[in-house]
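Dock chain B against chain A, hints included.
So the chains spell out like this:
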Amino acid sequence: MSVTPGACIGCRACELACAAAHMAAGATVGSLTRPPVPRLYLVREAGTAAPVACRHCEAAPCAAVCPTAAVRCDASGVVVEPARCIGCKACLAVCPVGAMAMAEVQDHGRPVLRRVPDPAVPGGFVEEPAWLASKCDLCRERPAGPACVGACPAGALSLVIPGEVRRVRLLAAARAMAAAASGAREEGR
Amino acid sequence: MSARPVIAPGVAPVIAIDPNLCTGCRRCAEVCPVGAVTGPQGQAQTIDAERCVLCGQCVQVCCAFAAPFDEPAHDPAAIRRQRGASEAAGPVFAAHARCDLDAAKVLVADPSRVAMVQCAPAVRVTLAEEFGLAPGSLTPGKLAAGLRRLGFAVVYDTTFAADVTVMEESAELLARIAEGGRLPLFTSCCPAWVRHVETAWPELTPHLSSCKSPQQMAGALFKSYAASLDGFDPAAVASVSVMPCTAKKHEAARPELRSGPAALADVDAVVTVTELAAWLKEAGIDFAALPGEPFDAPLGRYSGAGVIFGATGGVMEAALRTAVALCGEGRETAGPESGIVFTPAGPGVARAEFELAGNKLAAVTVSGLANVGPLLEAVAAGTADFQFMEVMCCPGGCVAGGGTPKLLPGVDVAAAVAARRQALGNHDRALPVRAAHANPAVTELYAAFLERPLSHRSHELLHTVYGGAAKGGHD
Chain A
34 MSVTPGACIG
44 CRACELACAA
54 AHMAAGATVG
64 SLTRPPVPRL
74 YLVREAGTAA
84 PVACRHCEAA
94 PCAAVCPTAA
104 VRCDASGVVV
114 EPARCIGCKA
124 CLAVCPVGAM
134 AMAEVQDHGR
144 PVLRRVPDPA
154 VPGGFVEEPA
164 WLASKCDLCR
174 ERPAGPACVG
184 ACPAGALSLV
194 IPGEVRRVRL
204 LAAARAMAAA
214 ASGAREEGR
Chain B
369 MSARPVIAPG
379 VAPVIAIDPN
389 LCTGCRRCAE
399 VCPVGAVTGP
409 QGQAQTIDAE
419 RCVLCGQCVQ
429 VCCAFAAPFD
439 EPAHDPAAIR
449 RQRGASEAAG
459 PVFAAHARCD
469 LDAAKVLVAD
479 PSRVAMVQCA
489 PAVRVTLAEE
499 FGLAPGSLTP
509 GKLAAGLRRL
519 GFAVVYDTTF
529 AADVTVMEES
539 AELLARIAEG
549 GRLPLFTSCC
559 PAWVRHVETA
569 WPELTPHLSS
579 CKSPQQMAGA
589 LFKSYAASLD
599 GFDPAAVASV
609 SVMPCTAKKH
619 EAARPELRSG
629 PAALADVDAV
639 VTVTELAAWL
649 KEAGIDFAAL
659 PGEPFDAPLG
669 RYSGAGVIFG
679 ATGGVMEAAL
689 RTAVALCGEG
699 RETAGPESGI
709 VFTPAGPGVA
719 RAEFELAGNK
729 LAAVTVSGLA
739 NVGPLLEAVA
749 AGTADFQFME
759 VMCCPGGCVA
769 GGGTPKLLPG
779 VDVAAAVAAR
789 RQALGNHDRA
799 LPVRAAHANP
809 AVTELYAAFL
819 ERPLSHRSHE
829 LLHTVYGGAA
839 KGGHD
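Sequence lines, in order, name chains A and B.
Just so we're aligned, residue 34 is where the first sequence starts under this note's numbering, counting upward by one.
Just so we're aligned, residue 369 is where the second sequence starts under this note's numbering, counting upward by one.
Quick caveat, the hints were computed from the structure, so don't treat them as lab data.
Computed from a predicted model, the values in this text were never measured in an experiment.
A portion of the hints provided could be inaccurate.
What the hints assert, rightly or not - Here chain A is said to cover these stretches of chain B; the calculated rule only asks that three of the stretch's residues, wherever they fall, bring their Cβ under 8 Å from a Cβ of chain A:
1) 383 to 394
2) 425 to 433
3) 449 to 460
4) 494 to 507
5) 634 to 647
6) 773 to 784
Said to hold, decoys possible - Beta-carbon label-pair distances, calculated as ranges:
7) B/Ala656 x A/Gly178: 27 to 37 Å
8) A/Arg148 x B/Asn388: 36 to 46 Å
9) B/Ala477 x A/Glu78: 42 to 52 Å
10) B/Asn388 x A/Ala207: 43 to 53 Å
11) B/Arg820 x A/Ala177: 53 to 63 Å
Don't be surprised by glycine CBs; every beta carbon is placed ideally from N, CA and C.
Chain B extracted, bound-state conformation:
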């Protein structure tokens, strides 16, 4: 390995393939959207750390498990201990993600710190699957209750920050259009996508939205706004997130994603849905029997727009709901949805054309990083005929992320992902507030703290300059 700067020396890689368990079936190589998995058929595969975007799709597809009856025999318990994985996490596989449960547990148990937790939208439609419920079971109340039982002092929600992202990103889009800024604007919520732009298309990084992802915005607000509301020292806040995504572990460690005068990490530890399920099982919590409890206010209040961030096309629709309502031609009276319909325009790609603030605009959404190539080539060549592009690395969006419950072989993956997406859509439709700008907690945040989207303070806390992942490498 060359003398690259290392973000977190001594920290295990986010994604790894155990050569002792890998059978060389190469299904991980087939599913990798960036061709980072290499090796001959029938032999252990390796990951090109420079190219890997840490999406964890290889982790999801790997079936090579450790069994005591293998020749030579494997000791699954010993492998689990070596990886710092929970006894309750089930079988161990060749392709695996780093387990950060111990780090999260230390933060929660530290009496000198106030443990605040956030959960991405997709967590509430996937967690229950680890307890035997059908794919797509919607359990936001049990999720909040479970996190409280684990000892979190404050149970907030990434979905609130998704609403804040809508405010900032739609304002950024309108500003770039008005001021002749770099277009098309790329969404920056998906850290695997951001890393792909930085590593494979570095010349296109100025197209990325300067918005931090909702995870990082939530963390930054925990250690500023939330801390000030309750009179906590920002440095005493322990910021933990529960994510459907393995790339979020790397994102949280990036030096660009620190805030405040002390440059505190926005997020101190990231656990996946499967890690949270193991934690709940270890703690003897009967998930199915938990009562429904609300998230804490104000950073746990969210709209339907924030909810749909968890599925492909959702960030776009959420941003357009607000953009249309704030500057659309009377569309806000039509209902909470943007009314802009995307139609298929190639594998994993959908496109819509519409008018906004007197501008004729086109937007595309991309589901699956493997489908983004031709669009990026067009952007690089200056021939792209769209102004806004949402990309989610995992096919279907975060509900299919590398940290979501791993489906057993034989289970229809497309049907399970569709059920999870459907559950997010149902959750959106059932909420009283369905647009980010109508979320009273968001309105209050701007009135009392941020002033307005793209304000000086919001730039300090919620925006960043991308382009560093290539230097940072594979932590």
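With the rest of the complex left out, here is chain A:
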């Protein structure tokens, strides 16, 4: 995910669209089935606003440090498998951009639960929603692609395709060089 510098207006539409894309919902805010928990975060500081999301590193430190292989890299990027996550926060500690969060995570439409000892019943347990690793999955199950990109009213967000970025940069560099060479020839006449 890339943010066009200066374009973000800080409206939080990306966060809301992201949260809605990861739960059962209709077209309206009132149809959301639980409180919105996004996987990218709008950061505002001294006149600057930008949503920060997982950059899907190729040598992802979060995946490298995960003791249970709950965070892993595949062809679509870096993904978290909630069923394997133990909530140890090692990934959060090593993420260089702060994109990893601990949040209530749903698996197959239900919150993933953890068992904690019940002080009232010796040997007993109570179940409560677990706080697990939560991060951008590029809306991998959404055919239209990342919800945040489609929702941004300022057109500030785009999905980075590394090969495409390189192609556009190469082309721009080649054009600039050609223009400079042509200018030099004109001057030489």
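The following block gives chain B in isolation, referenced to the frame of chain A:
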């Protein structure tokens, strides 16, 4: 604030922006049709209460929600409690409308009162969206059933009163033409539009139709005609409305919109579509599983003309259906529709020219208050070449109102509004009666109670004198 008279002291403003949540993105300022939202980029915005028309378009567009992970952290539940909003209402946003659910619940639960409810046409094509159905799902039967489950003794309908509005307003148009009254005639169904005329163009208020809006007509008839039919004391009637509109909350509180010898408020509490959805969820009512039930008679019987009040151009078409049928040149045989086709004449503006009762007339419809300026300038300059003007503040009409279900970011707003409009059109075409004057309940109302449009009694109950909103301010 200057020493303005306040309509309802101590009552929270209808529209507000929470400075703790506002991120200063200014999308609300962009969408405001009257430039009432001000503030620097990146800082909390404020609303100019004198200029605000309470349409709630800022509420619809705001995405700045309260989340526990914010720095500093927000407590959405505490904010909801502070606003009197329902736990079932979903996330809380910076721009928000006053929630009047508690007031409505008190009225319904009061054993000394008979709770009568009315729902605007747009409610039946938007409510289901809050339960996950696609935009524009048409559910009049489930709406009536849901309101009964919530405890309303009588489930009536604003759409009936829309038919009555057609009768009164088309008669007013014809009378103004015949008697050389103030023209062009402005529709007065949209309270945000009425407030804009009163606050920004006070010299043009005589152009407003003297008709109360359908919400207020329904309320006035609840506490007179309906009360007398069932032998209730008018003062014991609790009059609640469900609206797609936030400006209706202010309209209901206006002192000009009281009726009868006791000057009872026509409408005692206004809840929006989103508030009704939260109420149904709180009450554990499975909306999708509700059976289709009819509205109560007679003030719940409506025609297709009343239905299309919910979309831009609908009030005009509904009024023309009746005007053409009653005094058109044999057009009534052509079908229930007026046959008058409006063609685009600028952004949000459509125009038609036609003949009625021997007069060559022109009419315009305006969708979106931001588009009305040039037309008002022409009216003020005396150069307007039309006799009838419908204005709906919200682009697309009431189906896009500030009290309709708020669409998630990324959802195509134009497509959703079009689906809601389409659903109203389908509802109109499916109804056996499609013109207001052909609604048997309306005919009976006039025969038994009002005598005729613009009668003395109809003036007492259904008409008013506008011009007071500027004094009343932002309640």
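ask   = Of the hints stated earlier, which fail here?
value = Result: no hint breaks.
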